[in-house]
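Taken in order, these protein sequences are the chains called Y and P. If you read the first sequence in the working numbering, its first letter stands for residue 1, the second for the next number, and so on. If you read the second sequence in the working numbering, its first letter stands for residue 251, the second for the next number, and so on.
Be careful, since some hints might not be right.
As the list claims (entries may be wrong) - In silico EDC-like links for lysine to aspartate or glutamate, alpha-carbon gap of 16 angstroms or less: (1) Y:25 - P:354; (2) Y:22 - P:321; (3) P:323 - Y:125; (4) Y:216 - Y:122; (5) P:295 - Y:122; (6) P:295 - Y:8; (7) Y:31 - P:354; (8) P:295 - Y:125.
Worth flagging that the hints you see were computed from the coordinates, not collected in a lab.
Here are the chains, one letter per residue:
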Amino acid sequence: MLKRLLNEIGAYFLLLGKTLRKPQKSSVFGKLFMREIYDLGVNSFGLVLFTSTFVGAVVAIQMFNNFSASSFPIPNSFIGYATKVVLILEFAPTIISVILAGKVGSYIASSIGTMRVTEQIDALDIMGVNSPNFLILPKILASVIFNPLLIAISIVFGIWGGYLAGIATGSWSKADYITGIQMYMPQHFIWYAFFKTAGFAFLIATIPAYFGFNVKGGSLEVGRASTQAVVWTIVAIIIMNLILTQMFLS
Amino acid sequence: MIEVKNLRKSFGDVEVLKGITTTFETGKANLIIGQSGSGKTVFLKSLLNVYLPTEGEILFDGKDINKMSREEKQILRSEIGTVFQGSALFDSMTVEENITFPLDMFTNLTFREKKRRVFDVIGRVHLEKSNRKFPSEISGGMQKRVAIARAIVNNPKYLFCDEPNSGLDPYTANIIDDLLLEITKEYNTTTIINSHDMNSVMTIGEKIVYLRLGIKEWEGDKNLLINAGNKNLIDFVYSSELFKELREYFLETNKTSIINVTTKPLSNEEKS
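The task is simple: from the sequences and hints, build the whole structure.
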């Protein structure tokens, strides 16, 4: 079991070694990169906006309930502050990345896996194309560049969701909430969120690509690889989250 | 010309290719035939350097592919066109984009030059009306023709085809055979075709290599096939009742080939 895991990790890094090279033809790479920006990033906008708005609202309501139940009085403005910090530090980078691992990860694993079982990757190799570099590098760059933008949007919409929850429930005033979100927060929280997101984006692009690239068999195996890819990407994100939190925030 | 010298390939303890020596000549349609499990695909993939041989040499115009530098291999690969069994077209690209792909990757041609060359080969395989369709929107025979067009667009010196007729009806299979033979002559390529289709063997087999259990049991051309002294080969090639009767007819009438007996040239209308 452990030997197999180490073998897989080794194979993953070998694949990365072939992937992280200069593209063979920059004009072709540019086209692929733009397509991946659309497929992996732009196509995820709707999901990110929807999830962030609703979870932002839920976080704000939970904060209100917890603060109300506190034995000492906490001003309502702290609902805005707490919602903002929770969204920036954890919800937006981690939870949205986990959601993207499901959406984008399964797309990457199944698209590359299908290419493998239909001999499209063999065709690339035989033509003399570095197939990992050709297929995976645009996905890595698109994810690492675009996911922080998605996370920034997620933070904004999450905070807005909290604001809307206040209006809808009438539990806290708009002014309190806005005062809260304007409260001072260390700047490195923002950098930490973006750095973490870029790390997660790398995992989201590479782990499913590894599973897709190594599919053997037919469509059933592509489905299995896709599921495994999502599971292992989420596991890797959670472990990386712990490590990065310990490194940057403790 | 491709020369294969004492090619051996093992997977673990299992030896799949057991010392194959043969030559594939330029400007000829060279067919590799044999039953399932005879090592045809491993042989083809070894020629393409997908599998590294355990022993032996594969010489492309005198140079051993396994001793070439990465740059030399890169150049050689750009001179190879491959048609896969399942066509292996890029399903996210249109027919035209699929055919343009090798030019985009390996040449510095201008947009106009690329278009001209792509439309030349699209015309060559009679797919003028399908250039904007995706592979999933065209038939299996058309996909094979797109794969052939993609394989020849860069004027390859070597053309490899793995079961180009598999899954096709006899009529379409004939069209593909004719096309491959025409391309071989026109572009003077060294064409190597892995085939199960006895009709292809009888019509375009200018050089036939018969593999059995990883051993080259026989080689020759389609005219020698009828009188080949190898029982396994005869049993394999003439396994169907039709071909058995055809062989008897040939032997009685002293004919050696079915060319011009079962096929006739297609008119342009039929081809389109």
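Hints, verified against the model:
As the CA atoms of residue 25 of chain Y and residue 354 of chain P are separated by approximately 8 angstroms, the hinted pair is consistent with the 16 angstroms bound. A distance of roughly 15 angstroms separates the Cα atoms of residue 22 of chain Y and residue 321 of chain P; the hinted pair therefore holds under the 16 angstroms criterion. The suggested pairing of residue 323 of chain P with residue 125 of chain Y holds, with an alpha-carbon distance near 11 angstroms, which does not exceed 16 angstroms. With a CA separation close to 13 angstroms, the supplied pair residue 216 of chain Y and residue 122 of chain Y stays within the 16 angstroms bound.
For the hint pairing residue 295 of chain P with residue 122 of chain Y, the CA-to-CA distance comes to about 10 angstroms; that is within 16 angstroms, so the pair holds. Our distance criterion of 16 angstroms between C-alpha atoms is broken by residue 295 of chain P and residue 8 of chain Y, whose separation comes to about 25 angstroms. Taking the CA atoms of residue 31 of chain Y and residue 354 of chain P, the gap is near 11 angstroms; set against the 16 angstroms cutoff, the hint holds. This hinted pair checks out: residue 295 of chain P and residue 125 of chain Y have alpha carbons roughly 11 angstroms apart, not beyond 16 angstroms.
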